[in-house]
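> Using the sequences and the accompanying hints, generate a full structural model.
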Amino acid sequence: MLRLTLNCINSTNRGCCTAATGKWDLITAVCLERRPIIGPEMSDMEKQFSKQLSEIELERSHKSKHEVEHEKDLKQLELIKRGDVDVEVNLKQTAQDFADTSLEELNKFKFASKQSDDTNVKSLNRKLDRHLVLLTQQKVGNDTFFLPPQGFRQDGETLRQTAERVLKESVGKDVQAQIYGNAPTGFYKYKYPKSVREVDGNSVGAKVFIYFARYANGSPSVSHKWLDREELRKELPEKYSQSLDEFLIDEQ
Amino acid sequence: MNFVSAFGRLSLGQVRGIATTPAKFIQTTPCLFAEPLKRKKRIDPSIVKARDDRKKKKIEKQIRKLEKNSRQMKPIDECEAPIHLFDKDPQYVRPAVKLSEEVLEGRILLEKSWAKYRRDQHLRDLQMLDRIAFSQQHALDELRKESEELYQEAIQVDFTLLPFNAVGPVNTPKIDDYEAPDGDYVDVSRQW
Numbered sequence: 001m002l003r004l005t006l007n008c009i010n011s012t013n014r015g016c017c018t019a020a021t022g023k024w025d026l027i028t029a030v031c032l033e034r035r036p037i038i039g040p041e042m043s044d045m046e047k048q049f050s051k052q053l054s055e056i057e058l059e060r061s062h063k064s065k066h067e068v069e070h071e072k073d074l075k076q077l078e079l080i081k082r083g084d085v086d087v088e089v090n091l092k093q094t095a096q097d098f099a100d101t102s103l104e105e106l107n108k109f110k111f112a113s114k115q116s117d118d119t120n121v122k123s124l125n126r127k128l129d130r131h132l133v134l135l136t137q138q139k140v141g142n143d144t145f146f147l148p149p150q151g152f153r154q155d156g157e158t159l160r161q162t163a164e165r166v167l168k169e170s171v172g173k174d175v176q177a178q179i180y181g182n183a184p185t186g187f188y189k190y191k192y193p194k195s196v197r198e199v200d201g202n203s204v205g206a207k208v209f210i211y212f213a214r215y216a217n218g219s220p221s222v223s224h225k226w227l228d229r230e231e232l233r234k235e236l237p238e239k240y241s242q243s244l245d246e247f248l249i250d251e252q
Numbered sequence: 001m002n003f004v005s006a007f008g009r010l011s012l013g014q015v016r017g018i019a020t021t022p023a024k025f026i027q028t029t030p031c032l033f034a035e036p037l038k039r040k041k042r043i044d045p046s047i048v049k050a051r052d053d054r055k056k057k058k059i060e061k062q063i064r065k066l067e068k069n070s071r072q073m074k075p076i077d078e079c080e081a082p083i084h085l086f087d088k089d090p091q092y093v094r095p096a097v098k099l100s101e102e103v104l105e106g107r108i109l110l111e112k113s114w115a116k117y118r119r120d121q122h123l124r125d126l127q128m129l130d131r132i133a134f135s136q137q138h139a140l141d142e143l144r145k146e147s148e149e150l151y152q153e154a155i156q157v158d159f160t161l162l163p164f165n166a167v168g169p170v171n172t173p174k175i176d177d178y179e180a181p182d183g184d185y186v187d188v189s190r191q192w
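Heads up: the sequence lines are chains L and G, in that order.
Everything in the first sequence is counted per full-length UniProt numbering, starting at 1 for the first residue and increasing by one.
Everything in the second sequence is counted per full-length UniProt numbering, starting at 1 for the first residue and increasing by one.
Treat the hints with care, as some may be off.
Capping the alpha-carbon separation at 20 Å, the derived lysine to aspartate or glutamate pairs in DMTMM-like fashion look like this [as the list claims (entries may be wrong)]:
1. Lys-108/L with Asp-182/G
2. Lys-47/L with Glu-105/G
3. Lys-234/L with Glu-246/L
4. Lys-145/G with Asp-25/L
5. Lys-65/L with Glu-80/G
6. Lys-139/L with Glu-238/L
7. Lys-189/L with Glu-148/G
8. Lys-174/G with Asp-25/L
Simulated from the structure, these hints should not be mistaken for laboratory data.
It should be emphasised that the depicted structure is a prediction, and the values quoted were computed from it without experimental measurement.
Listed below in structure tokens is the structure:
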């Protein structure tokens, strides 16, 4: 009985709330993020500790075949120097020679640079060790902003379907991405300016449900920016950036 | 009718069949070129028995060999420690290093600060996960306020996430248009 009454109160409460605040537009946004391509640089502590671990590992290890071979070679050399053994024997490749050729081969190989000098915000080749979030140019009211791709929900769509449609429409079909889950991961709410709000039948504002998506490949066909966390904070309106920060993972 | 009888005179009277029917008294008989059968060679039954025994023994030996090997697995070289490690071959033993008191102390201190570092990291991770879960819950709560139906749709399990796979991150970025040099292929696997 008590629960029933409580339910009644709850439902009436909800009803009155909606009446007071009015109608809200439902918007779905997609936060498309590219994972870092390379791992981050080790911190000082990590470097120190990994050095210590490899030292301990070396102390506790047995000698490798290569080391034993190398020692044998040295002994042989000693004997040759003293003149006990013929020089002809020394024709085979010594362990040192093998190490030298291997080292030479390694030095010849050039690894790709970890630092990318690409400064074009449209490019994915920049900030290889950072998460990058996609913003596209959009018109809100009379101004244009760089925002995560977003769009209004249409009748009959679930929010997830809206998210998929929005992503395709605003980024282009070229881009492959995986939306994570049916539930939105972030939320942002804003009110329309007074002049818009006061027109009869208009909504009070918009509720933006942000879905998280992982970038796979392809390049967007519209005006866009790939930004890391700090640039994101500068580019987006403060409140919006805060709600993004709520669900994006931290970077050291 | 005249017509037929006129031609009928040209033929040999009746229409002749070519079947080898008894009516023409032609009979065909099969050829008989076979020679009389040879007499079977008689072998000493003891020799036959010995021969069979030999065959049997050979097969039994093979079976025994297979059974013996079935218990014995093929060794996987990569997974087995080299024999010299079991033999405690003194050649391979690394001389023990005598570390000074300070180095040992320093190592212990570093280990302690490492533990603290990892603990802080872990706590930060937990907080972060909490924050993300809270953010999602907040979004869902707001959605429920707008529409119960959409909320129910949103809390369904997303089956498109499975199977999940992810690539990277790696230590250095890939080299564009890199062609791996051809190496020599030496097959060193043993026959078993």
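> Each hint needs a verdict: does it hold in this structure or not?
Here's how the hints hold up against the structure:
no. : hint                     : result
1   : Lys-108/L with Asp-182/G : holds, 16 Å
2   : Lys-47/L with Glu-105/G  : holds, 19 Å
3   : Lys-234/L with Glu-246/L : holds, 16 Å
4   : Lys-145/G with Asp-25/L  : holds, 13 Å
5   : Lys-65/L with Glu-80/G   : holds, 15 Å
6   : Lys-139/L with Glu-238/L : holds, 18 Å
7   : Lys-189/L with Glu-148/G : holds, 18 Å
8   : Lys-174/G with Asp-25/L  : violated, 45 Å
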